[in-house]
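Protein chains: 2
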Amino acid sequence: MQPRLEATYLVRCDARSIEERARAIAVEQSVEMPVSAIVDDFVRSQIVGRVEAITEKDQFFEVRISLSAETVGDDPGQLINMLFGNTSLHEDVVLSDVALPKELIENFGGPRHGLHELRRRVGAPARALTCSPLKPQGLPPAQLGELAKDFARAGIDYIKDDHGLADQAYSPFARRLEAVILALGSVQRQSRAARYVPSLSGDLDAMRAQIALAKDAGVDTVMVAPMIAGLSNFHRLVRENPTVAFVAHPTMAGAGRISPPLLLGKLFRILGADAVIFPNYGGRFGYSPDTCRALAHAALDRRDGLRPAVPVPAGGMTTDRVVEMLDFYGADVMLLIGGALLEAREHLREATSAFVTEVHRYAYG
Amino acid sequence: MQPRLEATYLVRCDARSIEERARAIAVEQSVEMPVSAIVDDFVRSQIVGRVEAITEKDQFFEVRISLSAETVGDDPGQLINMLFGNTSLHEDVVLSDVALPKELIENFGGPRHGLHELRRRVGAPARALTCSPLKPQGLPPAQLGELAKDFARAGIDYIKDDHGLADQAYSPFARRLEAVILALGSVQRQSRAARYVPSLSGDLDAMRAQIALAKDAGVDTVMVAPMIAGLSNFHRLVRENPTVAFVAHPTMAGAGRISPPLLLGKLFRILGADAVIFPNYGGRFGYSPDTCRALAHAALDRRDGLRPAVPVPAGGMTTDRVVEMLDFYGADVMLLIGGALLEAREHLREATSAFVTEVHRYAYG
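Quick mapping for you: the protein sequence lines, in order, are chains C and X. Taking the numbering used here, the leading residue of the first sequence gets 1045, the next gets one more, and so forth. Taking the numbering used here, the leading residue of the second sequence gets 1045, the next gets one more, and so forth.
Since the hints were derived computationally from the structure, they do not count as laboratory data. A hint or two may mislead.
If several chains are the same, the list does not tell them apart, and a pair holds so long as it fits within one copy or across any two.
Result set (DMTMM-like, lysine to aspartate or glutamate): computed pairs, CA atoms no more than 25 Å apart in a straight line [unchecked claim]:
(1) Lys1193 / Asp1085
(2) Lys1193 / Asp1084
(3) Lys1259 / Asp1249
(4) Lys1101 / Glu1114
(5) Lys1101 / Glu1135
(6) Lys1259 / Asp1084
(7) Lys1259 / Asp1364
(8) Lys1101 / Asp1084
(9) Lys1193 / Glu1161
(10) Lys1101 / Glu1394
(11) Lys1146 / Glu1402
(12) Lys1101 / Glu1284
(13) Lys1259 / Asp1136
(14) Lys1259 / Asp1085
(15) Lys1259 / Glu1390
(16) Lys1101 / Asp1136
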C-alpha cells in the first residue's frame, strides 16, 4: 500500500450536511473534479482523498481526510497546496493537524541544529535563551550596530533583525551586516559572543546572496519568514546551508485558518526551522495560553526523531513576565523582548541587563 | 516628500477603541515598537505608519494607514510583509485595499502581455476566451495528452494543468510536457493552435528549470500559484521570462483576510500576472457576485497604465452558465470549465464543443 498523509480539518457546518461537506473537501484537496467522472482505477483507489473520520465537537466537526503521499512528492510547496490550497479559500474550514508519512518527514529532515545546538553556541546548556531585536526600521546601519552593542554588553544571547528590516536604501543588508558584526566584535564579554541573526528577504537568489554574505562575516544563524519566502524556497535554503541555524518568523501566517501549533510548531520544524517565533498569549496578539502551549509542544516533542526546535514566544513581552513565562514554558525556550527594553531609551543597557539577569537567575523546577 | 503607500483595513472593533486600534496597526506594520521610544527624527516623521482616516461602516471601521515606500524598496515579499505581515495574525483585521506610489507600480510593471496578447495568440480578437484543465492528477502523461487532444479538437483556447499537477512520480513535469505537446501537435484545426499552460511548482530553481523546458517545447504561457511560490519569486520569474505569459492561481490565498479583488485582481496583476483565476460566484466557493465584479474590474481597469490582466472565473462552472457569465463579465474574460466537461466521459468532446460554441456564438452587447 502506498503511504498516505492525513489532514485534520475543523469545519463549521450543520450536522445534516457534514458528510457531504467532508467528501467535498476530500475531492477538492485531491482530484478537484466529480469522482463519478474518474475512470482510472489507480486514481479512484489511491489518489482521490478519503474521509477517514468525522467527529462532532462543540462548535464544529473535526474531519480527518487521508491523501496519497504521491500527490505531494517531496516538495514543501506542493505539500501545503495539497493540504490546504483551494480549501483555504473557504471561510468555514481550518486546517488543524497533519500526520505525514515517516519517509516524507525523514526527507525534509527537520531542524539541522535545533535547541541543543542553539544553546551550545551561546554557552547556555540548561537555561532559557534570550533574544532582542534590532529596531526600528529606518535607523542607519551604524545606529543598529550601536543597539546591537548595547544588547550584547547586557548579555543577550541572540540579537535578531526586526522582521521589517530587509534590504532598504536607508539600511542595506550588506552594510547593516558589516556594522553589526563590527559592533559586536568590539564587545568583550566573559560568556560566549552574542549571535547576530540577520533577516533574509527577497527572492531565493537574493536570500542566497544574503546568506553567503552572512556566512562570510561569521554569522551562523539567520531569520526567514517561510510564508513570504514560500515553503519550498525556505526548505531549499535549509538544505543548501547545513551549518546555518534558521529562525522562522510568523509574518503572513494568517490568523487561525491554519492552526498555529501545526503551521509554526510542526510544519516549520519539519522543514528545518531551528527556532520558531510566535505571538505569546497576553501580548499584542490573540493566541491563547492553550495555543501557545500546544505550539511549544509541537516544536519540542520527541515525535518523528527530529531535533527539537526552540519555541520563541514574543510580541509585546516584558521583563516582569519572565518568571511567569519560564514557569509556563520551562527552560526549553528563547525569550524575545524588544519594545519594552527600547522604551527605557538611555537606560536600555540596564533594562536589558535586568531581563538577562531575570532569565539567568530563574530556578528551574 | 518621500512617496508613501496607503493601505486600507477593515477592522471589527468597538467605537471607543478604534482610534487606539488603528494606531496599533500603523505601528505594527511599520516600526513595531513603542513610538515613545523612538528618538530618531527621520524614523518618527517618515517611517512610523500614519493613520490617515477612520470611517465607520456597517459592521466595522475602515482604516486608512500610510506607510513609507522606503520600507518596501522594490521587493514584492517585503511589500506584503509591510502591508499585512504581522497584522495577518490578528483575526479582527482584513486588508481591503492598497494604493501604491506610481514609481513602485512602474517598477513592478504589471502584465507583460495581458488580455490583448492572450487573445491575439489564439486568434480571438474580440470574444471571451475558453480554458479547460488537465485532470485528475494521478493520470499518466499519455492520458493527460489524450485529454488535451480532445479539448483542442473541440476548440478550447487554453488548456491548463490542474493546480494539483506538479512534478509527481506518476506524471513528472518533463514527461507530461512532452506528451501534451506531442498530442497537441497532432491536432489539425482551422483556428490557431490551442495553448498548453503547464503549472510550475517547487522552489525558484525548480520553476526556472520547468519554464526553460516549457519554452524549449514552444510553450509561451505558464501557471504559477504566487502565494505558494512567494510573491518575490513569482515576480522574479515574470522579469526573467518576458516572452512568457503568466496565469496566476489562487491556491493558498486564504479566505477573506486579504480582499480577493486586492490580492488576486490588483496585486497579482501589478506583479505581472497576465490572467488571474478566481472562484466564481455560485460555484464551489463562497465569493459573492460583488466580489467577483470588483475582482474582474481590478484585473482589467485602466488605472496605472498597466496592461489588463484576464479575469478567469472558475470553480465548478458549467456550460449552461456561459450566457449568464458573459452577460455578467462581458467579453474581456476567459471562461474555465473542467469537471463539468469531464463528467460527460465518453462524450467529452461533444460537451467541450458545446461549451466552445456557446462562447463563440454569444452576441456581445
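Going down the list of hints, with the structure as the test:
In this assembly of identical chains, the alpha carbons of Lys1193 and Asp1085 lie at most 25 Å apart only when taken from different copies (22 Å versus 65 Å within one copy). Taking identical chains as interchangeable, the C-alpha atoms of Lys1193 and Asp1084 lie at most 25 Å apart only when they sit on different chains, with a minimum of 18 Å there against 65 Å within one chain. Taking the shortest Cα distances, Lys1259 and Asp1249 sit within 25 Å of each other both inside one copy (15 Å) and across copies (21 Å). For a Cα distance limit of 25 Å, the shortest separation of Lys1101 from Glu1114 qualifies neither inside one copy, at 31 Å, nor across copies, at 48 Å.
Taking the shortest alpha-carbon separations for Lys1101 and Glu1135, both the intra-copy value of 18 Å and the inter-copy value of 22 Å come in at or below 25 Å. Taking the closest pair of Cα atoms, Lys1259 and Asp1084 never come within 25 Å of each other, the shortest separation being 51 Å inside a single copy and 31 Å across copies. Taking CA atoms no more than 25 Å apart as the test, Lys1259 paired with Asp1364 passes in neither setting, with 36 Å inside one copy and 60 Å between copies. In the homo-oligomer, the alpha carbons of Lys1101 and Asp1084 never lie at most 25 Å apart, since the shortest distance is 36 Å inside one protomer and 52 Å across protomers.
Taking identical chains as interchangeable, the C-alpha atoms of Lys1193 and Glu1161 lie at most 25 Å apart only when both belong to the same chain, with a minimum of 23 Å there against 56 Å between chains. In this assembly of identical chains, the alpha carbons of Lys1101 and Glu1394 never lie at most 25 Å apart, being 50 Å within a copy and 46 Å across copies at closest. In this assembly of identical chains, the alpha carbons of Lys1146 and Glu1402 never lie at most 25 Å apart, being 41 Å within a copy and 50 Å across copies at closest. Proximity of Lys1101 and Glu1284 under a CA criterion of 25 Å is satisfied in neither setting, with 43 Å inside one chain copy and 50 Å between copies.
Taking identical chains as interchangeable, the C-alpha atoms of Lys1259 and Asp1136 are never at most 25 Å apart, the minima being 44 Å within one chain and 40 Å between chains. For a Cα distance limit of 25 Å, the shortest separation of Lys1259 from Asp1085 qualifies neither inside one copy, at 51 Å, nor across copies, at 33 Å. Taking the shortest Cα distances, Lys1259 and Glu1390 never come within 25 Å of each other, neither inside one copy (32 Å) nor across copies (59 Å). For the homomeric pair Lys1101 and Asp1136, the shortest alpha-carbon distances inside one copy (15 Å) and between copies (24 Å) are both at most 25 Å.
In summary, the structure is inconsistent with hints 4, 6, 7, 8, 10, 11, 12, 13, 14 and 15 from the numbered list given earlier, while agreeing with the others.
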